[in-house]
Amino acid sequence: MVANHDNMLLTFDTCNMEYFDGKLLFPQFDLLHSFRTCGYFQYTKGGWFDKTLYDPTISMTDYYDFTEKQFKDIMCHEMIHYYLAFVGEDRDCHHGKQFKKMAEDLNRKYGLHVTPYLDLSQYKRRPGTPSLSYWFVQKFYM
Numbered sequence: 027m028v029a030n031h032d033n034m035l036l037t038f039d040t041c042n043m044e045y046f047d048g049k050l051l052f053p054q055f056d057l058l059h060s061f062r063t064c065g066y067f068q069y070t071k072g073g074w075f076d077k078t079l080y081d082p083t084i085s086m087t088d089y090y091d092f093t094e095k096q097f098k099d100i101m102c103h104e105m106i107h108y109y110l111a112f113v114g115e116d117r118d119c120h121h122g123k124q125f126k127k128m129a130e131d132l133n134r135k136y137g138l139h140v141t142p143y144l145d146l147s148q149y150k151r152r153p154g155t156p157s158l159s160y161w162f163v164q165k166f167y168m
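Take 27 as the starting number for the sequence shown in the numbering used here and just add one per residue.
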């Protein structure tokens, strides 16, 4: 499953209903073309007294061809960041105590495998994407 706007939207909606009781509003979705970052959550903060989240965005890479389970785990990882920012528990989107506790709870209750960091060697590249050695040569020898 290669990330695109349609499957990100569908996976978000499914996970939102199943794991977050439908509490999260639909964010914007964006694609990354990175082999280092699988997913990313960002938003614009309101002013000093404004607790509103503006422009929440979940981005996922289209570099890898994920299994459906891997894709769901990555989406849930980003949704935990979104949820914690939304309820005001972690507006800086770190992998702190709140994140780890929520990930552990979801993993235990629903059989997910949400972790703070990923071993990217376990993921299959999307056909047609440059190998990591290509990126290495481009960065350090060109």
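Hints are supplied without guarantee of correctness; some may be wrong.
Unchecked claim - Think about it this way: if two alpha-carbon atoms lie no more than 30 Å apart in a straight line, the pair counts; the simulated DSS-like pairs of lysine-lysine are:
#, residue 1, residue 2
1, K71, K49
2, K123, K71
3, K71, K150
Said to hold, decoys possible - Computed beta-carbon distance windows for the label pairs:
#, residue 1, residue 2, range
4, G154, D131, 20 to 28 Å
5, R134, T70, 14 to 22 Å
6, T141, M43, 20 to 28 Å
7, M27, G137, 16 to 24 Å
8, D145, H120, 29 to 37 Å
9, E94, G48, 31 to 39 Å
10, L58, D145, 13 to 21 Å
11, S60, E94, 17 to 25 Å
12, G48, K127, 28 to 36 Å
13, Y80, L146, 17 to 25 Å
14, L57, K95, 15 to 23 Å
15, Q124, K150, 27 to 35 Å
No wet-lab data here; the hints were simulated from the structure.
Using N, Cα and C, we set each Cβ at its ideal position, and we do this for glycine too.
Structure-based check of all given hints:
With a C-alpha separation of about 19 Å, the suggested pair K71 and K49 falls inside the 30 Å cut-off, and the hint holds. This hinted pair checks out: K123 and K71 have alpha carbons roughly 22 Å apart, not beyond 30 Å. The straight-line distance between the Cα atoms of K71 and K150 is roughly 35 Å, outside the 30 Å bound, and the hint therefore fails. Taken as a hint, the range 20 to 28 Å is violated for the pair G154 and D131, whose Cβ atoms sit roughly 38 Å apart.
Judged by the Cβ atoms, the range 14 to 22 Å given for R134 and T70 is violated: they are separated by roughly 33 Å. At roughly 23 Å, the beta-carbon separation of T141 and M43 lies within the given 20 to 28 Å, and the hint holds. In this structure, M27 and G137 meet the distance hint of 16 to 24 Å, their C-beta atoms being roughly 18 Å apart. At about 20 Å, the beta-carbon gap between D145 and H120 misses the expected band of 29 to 37 Å.
At roughly 21 Å, the beta carbons of E94 and G48 sit outside the given window of 31 to 39 Å. Look at L58 against D145: about 18 Å separates their beta carbons, and that is inside 13 to 21 Å. In this structure the supplied range 17 to 25 Å holds for S60 paired with E94, their Cβ-Cβ distance being about 21 Å. Between G48 and K127 the CB atoms are about 21 Å apart, so this pair departs from the stated range of 28 to 36 Å.
About 31 Å separates the C-beta atoms of Y80 and L146, a value inconsistent with the hinted range of 17 to 25 Å. A hinted range of 15 to 23 Å holds for the C-beta pair L57 and K95, which are about 20 Å apart. Between Q124 and K150 the beta carbon distance is about 32 Å. The supplied range of 27 to 35 Å therefore holds.
In the structure shown, a violation is registered for the earlier hints numbered 3, 4, 5, 8, 9, 12 and 13, in ascending order.
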